[in-house]
Amino acid sequence: MKFSDEFEARFTEMLTHYPTRRSALVPTLLYAQDEVGSLSDEVIEELARRLDLTELEVRNVISYYSMLTTKPRGKYNVQVCTNIACMLRGGEELLDHCKKKLGVGHKGTTQDGLFSLEEVECIGACSWAPAVQVNYDFHENLTKEKMDQVLDEYKKKLNH
Amino acid sequence: MASLVSHPDEVRVISKRFGQGATNIDRYLELDGYKAVQKALAMQPDAIINEVKNSGLRGRGGAGFSTGMKWSFVPKQSAKPKYVLCNGDESEPGTCKDRLIFEHDPHTVIEGAMIAALAVGSHTAYIYIRGEYRYLSVIMQKAIKDAYAKGFLGKNIFGSGYDLDIYWHGGAGAYEVGEESALMESLEGKRGIPRIRPPFPAIVGLWGGPTVINNAETLAAVPHIILGGADWYAKLGTPKNGGTRLFCLSGNLNKPGVYELPMGYNLQKMIYEVGGGIPNGRSLKAVVPGGSSTPVLLPEEIDVPMDFDSLAKAGTMLGSGGVVVLDDTICIVKFALRTIKFYQHESCGWCIPCREGTDWLKKTLTRFHAGAGLKKDIDNIYYLAENMLGKTFCPLGDAAAMPTMAFVKKFRKEFEDHLEGKPCPFEKAGAAEPVMA
Amino acid sequence: MADVTLTVDDKKITAPAGTLLIEACKSVGIEIPSFCYYPGLSLQGACRMCVVKIEKMPKLQTACTTVVTEGMIVATDNDEVRQARKAMVEMLLGNHPLDCPVCDAGGECELQDMAFSYGASESKFIEAKNHKEEQQWSPVVYFDRPRCILCYRCVRVCGEGMDVWALGVQNRGVSSIIAPNEKDHLECEECGMCIDICPVGALTSGAYRYKTRPWEMNHVGTICTHCGDGCKTTLGVRRCDTGMEIVRGDNRDKSGINNDFLCIKGRYAFDFAHHKERLTQPLIRKNGKLTPATWEEAFELIGKRFREIRDEVRDHDGGSAIGVIGSNRTTNEENYLLSKFARVVLKTNNVDHHRTADFPALAAALHGKPGKTASMREVLNAPAILLLGNDPTNQHPLLAWQIRTNVRLRRAKLYVINSAPIKLRRQAAGFGMVPAGAEAKAVAFLAGDDSLLDSLLDSKASDSMTRDAWIGLRDKIRAEQNMVIAFGSELRGHDIEKLVSFASTLTGAKLICLGDYANSRGASEMGLYPDLLPGYEPIASADKFQKEWGNLPAEKGLSLPEMVEAAKAGKLKALYAVGSNPVGRLGIDPFVFSKSFVVVQDMFLTETATIADVVLPAANAYEKTGTYTNTCGDLQLVKKAGEVTNTKPDFEMMVRIADAMGSDVSGLVPFGSGTHSDMGQTRGAQSGEADSHAVWLEAHNLEPKMTPFDPMAILDEIQRVVAGYHVSRVNLLAGNDQHLEIAESGASAIQNPELIVPANDDLFSSGTLGRYSKTLNSVFENKSADAEVAAD
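So the protein lines, in turn, are chains Y, W and U.
Number 160 marks the last residue of the first sequence (my numbering); no jumps.
Number 597 marks the last residue of the second sequence (my numbering); no jumps.
Number 1389 marks the last residue of the third sequence (my numbering); no jumps.
So here's chain Y without its partners, still in its complex pose (with noise of 0.2 Å):
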C-alpha cells in the first residue's frame, strides 16, 4: 500500500522514537486516516503488519479513538462543539443550523462528499464559545452567518 513521502519519512522517524513499534500506532493512524480517506481493510493490513501487531489489535485502536474511522468521511468534517461552554453561547443551535444547512445528520455525509458533520465534544476553544472545527482548522466566536461563510468558504476552496 502506498503513502505518501512524508506520511513514510514521518513514519520512519517516529519509529526511532520508542522502544517498541506499537508505541508509533495512535497518531500513525490519524497521519493515514488523513491521508487515505479512512482507516480502510487495507490501511488496516498495512499498519498492523508494519508494526508487528494483528489486525484486531489495531482495530481494537481504532475503535476506541474518536477522531479514527473506518468509514468514508466528507472532504471536510464539520465538528461542532456542543459541550456546556459552547452550549451555553449556542453551540446546540449552531449544530441544528448546519443539519439545515448541509442537510444531513449527526455523522452524515452531503450527498456530494463535500461535507460530513459530526457533533463532538470539547475541542478546547471553550473562551471562544461557539466554535466548529473543520478538519483541523478552528472556527471560533461563531455565530449562523458567520457559520454560513466558513461553509462557502470551504466550497470555494474546492473550485480553487
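One or more of the hints may lead you astray.
Mimicking DSSO-like on lysine-lysine, the simulated pairs with C-alpha atoms at most 30 Å apart in a straight line are [stated by the list, open to error]:
(1) K75(Y) x K240(W)
(2) K350(W) x K473(W)
(3) K494(W) x K721(U)
(4) K240(W) x K199(W)
(5) K683(U) x K573(W)
(6) K144(Y) x K99(Y)
(7) K71(Y) x K573(W)
(8) K726(U) x K536(W)
(9) K146(Y) x K494(W)
(10) K75(Y) x K199(W)
(11) K569(W) x K1165(U)
It is worth saying that the hints were derived from the structure and are not from the lab.
For chain Y, the structure is supplied; the task is to place chains W and U on it using the hints.
Here is chains W and U on its own, set in the frame of chain Y:
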C-alpha cells in the same frame, strides 16, 4: 489563532510571552528562553526538586498534587529508562489553556520538560498533544526540531555532557487519555484504558520505566520558577498554592477568555471584573469553577479565593481552571444532561459503575429533561451518581458523579419543576435565543 | 515469603506477603465476589464487585488488586460494601437482558448468583435496554452481545491462557464490545475456554445451547477419550430414547490435572456417541454381507470359530494362527484382560496395538533409575522444561497449556528443539530448529557429542541457529535443575536410552514420553505387545505371569506388520481387533485378511469392520468404567456417563467370548468370594496354594467383585501384579490422579522403532472418533472453507 485578552489584574508569568512571537526559537531566546534549563544544568537534581517543591507549584491538570513531591517519588537508580511525559491532552470541558501555551510559547513546555528530566535523571521526554490540536502539533514539532538544531536537545545538551531527547506524540480523540495512566497506554499504542495503581507511574510507568507525568501548564511554570526562584513564585499565590494559573473564563460572560491570575484570586471578582460580568442584564445562576467535573457553585458561594484548598473547603475543586458561568436563562437539568452526555461519550467502558452509570444517567436525564420525568428519577439520578463516586476504576467516574450530585442537591427545585409532563420550564418560557457573542 | 497478619471481618488471618487480599480471604473461607478477577489471569479491577473497606483508606478498595499488608484491617461485608456491590449489580442488570428462563447459563450464572446475594431485585430504570444482535463466531462459539458484562475473562483466557489472542475489546464506554479477530467470526483453536469462563450466558456453545437446563443433567467426572494428556472432563448427561446422551463437557469444578482447561476435543467431541452410523446391533457376515444378528448368535459363532482355529491349528503352529489387535482407547482393565485373554484363552502371543510412542524403551532406559518420570502436574511447576520434538499445541493441548501457564505465572524456562517452528517456541527461552529427523542428533549434541553440531545446522531454515547459538543453548539447558524433559515419537529405542543417560547428568531432571491416544500408555503398560506382558515384563522371563495366569505360549508372537505378512501367507486364520482400526489407520490392504476369520469390536463400521466376519457394537470410554494411564503415567478413573442401548463394553464382550469358547471365566477374571471352600484355589496356577488374590484383597480391605463383567475385578489384579500400579484405591475412586512409577523392565523391552506410527492428529482430528464427531467436522470444514476463500 485563538484570540488573546488582557486584564490589569493579570500577573503574567506563563503567558508573558504570549503574542510575542516566541514560537521562533531566536525570539524565545531573546525573551530569556532556555536560560532556566542552563541554570538547572548547574544544579543538583535534588536542588531542582526542592526549588519546585518550595515554589508551591501544584499540578495544573486538575488533581493539584505537589509537582516537586511527584518528582521526588522517582527512584534515583533505575534499571529501566526513566521518562518525562508532558500531558497536553487537554480535554476537560471548560479548559482551553494548554492550547494557548502550545500556540504561543511551545519552547517553555520543552524547557520545562527538560528541567523535569534533569531533576529525575531522565534522558527521554514525550510531549503528548491531543489529536484535535493538529496545528499545535505542527508548531511543537518545529519547536523541537529547532531546539535540536541549536544543540539544546540530543547528545550533550548545552555542552553539559547530558543527553536528552524530546519527542512529540499525538492522540486521536479521547478525553480519558488525559488520565495519566491511560495517557501512557495511549503513548504505547494501545486503547486508553487506565492502569491499576499501585504501582504508580513514578515507579512503573512508560514501558515499565519510572515516569513523571505533568500537565503542560505545570511544565510551562517550571522554567519561571527556576529563573525567578521558589520564593518569588510561591508568593504570587496563596499559602501552599504557589504562583499563578491560567483561568479559562467561558459561558455567559461579557469578556470570556484565558486570563493569568494569581492563585487565590477571588471568584466573584473574576466573574464580574475580569470576565466583565453577565451580559444582557441577566443575572448569575451558577458557576462551574474548574472544568466540567467540578461541583457547581451557587451565586452565594462565589466569594471564594480560587485556590485548591479554598475550593475544596467550599465543597468543589479548582480542577483544570475552567470557569464556566451560567446565567439565569439556563436550564440546569439540560446543563446536567449535557455534562453527563460528555462523560457517557468519553467513558472508556472498562469498569461497570462508570460505563453503566454514565449511560443510565444520560438515559434518565434525557427523558427527564424531555418532560417524561418521574419523581423517583430525581432520587435515582442522585443514587446512581452516589454509587459511582469513589467506586470507579479511575477518576472519570468521580468526574461524572460529583457535578451530577451537586446539580441535584443544589437545584432540586428546578428538577421538580420538570415533573409531571411539564416541558422544560426554560424552553416553555421561550427563553431568548442564547447569546451569540 | 514471610507471612503477614491482618484482620478481616474481626478475624485475625495470616497470609504470605504478596498475597492478594481476595486470595487471602478465600483461604480462610471468606468469599469475596468478583466477575473480572480470575486466578491465573491478569488483574483487571474492572468489575468493582470485590470492593472492601480497608481502614485508613478513604475509598473502598478492590480486594483483587490489593496486596495484604501487616496490620491491615478489612471489612468485607459491611453496609457500605454491600451497598456498593448491590449498586454494581443494579447497573449491570439495567442493560443485561433478563432472558434467564431461556439462557444457557440460567442456574449456573454468576450474575444471577450475585443479584440473589445482594438483593438487587428492584429495577430503577425504565429506559429500554441497549440491544445488539447475537452473532455466531464459529460453528461452536456464539456471542449474545447484550448479555456480556465485560469482565474480559474471555479475552484474557484466549490471549494469556491459550496464546491465541483471538478476542479483543472494541469501541468504548457503554458501546464497548468483545470482538473476534476476523471482524464477524473467529479464527482460533476453538478450545471453547472463552465460553467456559464466561460468568454469564454471553458466550454459548453451538454444541450445547438451548439443549437443556443445567439442573436437568447429571454430571459425571471422567477422563477425556481423545489425546494422551488425561484431562478430567465433567460430562453433563441426560436420559434420551437410546440411553444416556452426553450434552456437555467441561471442567468447571477444576478437578483433575487440567484445572478448568479443555481443548476442542475434550469439550465438544463426545457427539460421536450418538452419530447415526453408530452400530447398535451385532453384525455377522452371511452370504458375503454383514447382516444384523443377535448377541447370542454372534458370541456363539465367535466362540466356535476361535476355538476351532486355536485347537485345529495348534498342533501344527502353536496358536500363532490368531492375531489380536488392542486399542489405545480402551481402559487398562480391558487392555489387561485382552492381553490375558489372548495368552490364556487364545493361546497366542500375537498381540499388538497401534504404537505411537516408545514407552517400553523409556521403561528399559530407566532401569535402576527410579523417580525419573514427571507427572502432568509437575509440568505446571517445573522451573524448566525441555521439549524435544512433538507439537503439543496440536497433539497435547493440556501439556501445552501447562507449559504456557508455567512460563507465564512462574517464569519457567522453556527450551524447544524441533524440526518445525511450532507455536510453543513463542514461550521458549531457547528454540533450536533442527533438520527433520535430527532430534536424536540434537540429544547426542546436548550430551556432549560436538561432532554432530554440523548436522543440526539447517541451511534451509530461516531461523537456523549458528554454532555458537547451539552451544549457548546447550549451556543453558545443562545448567537447569529439576527440568522436565518431554519428548515425542521422534525419539525411539536407543535414542531414548541416550536421552535418559543425558538426563541423568542433570540435577533432578524427569522425563515424559509423549504418546498420542487417551490410553496409549495404558495399552503399552498392559502388555499389548507380542513380546511384553503387563508391566513391560518380557515373555522370555515371564515367571510371574506363568504363575498368575497359567501356561503361556513361550515364544514371542507376531507384531502387527508380521501378522499382516502372516495373513498374506495364509497363516493367520483369525484376527480379533478390539477398538482398533488397523486397516484404516495404518493403511493395510484389507484384502490380506480375506481368508482370515475377522472379529471387530467397534462403535462404527470402520475400514477394518467392513471386512470383518463378525462386528460387535462396542461402548466407548464415556460409556464404561475403568482406568486410564495418561502419557505421563498418571492413573485416573474413567467413569460411565453416557449410554447407548444395545452396545457392550469391550470388557464384557471379551468375557462372553471366552465363555462361548468354553473357557473357565473365573480363571480370566478374579470374581466371586475368595473365601469359599477351596479358598479360590481353583483359580491359582498351583492347585492347593491359597488364593493369593483373595489374600491381597483382604489385606487391602477390598471386597471380591461379584460378576465377571466387573472391570474392577481386573483392576484388583492389575494393582496386585502390574509393577507401578499399586497406588491408593481410595484416591483413585475419589477421582484423583496418581503418578505411577514406570516399571523398570531392562533392555530386553527394547522394541523395533519402526513399529511406531505417530497418529499425527491435530486439534481438529482424532482418529475414528474424530471422523464421527459432527462438531469437530463442522469446525474443520469451516476452517477449510476459510482457507479456500483466503487462497482465492
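Legend entry - Violated hints - listed by number, lowest first: Violated: hints 1, 2, 7, 10, 11.
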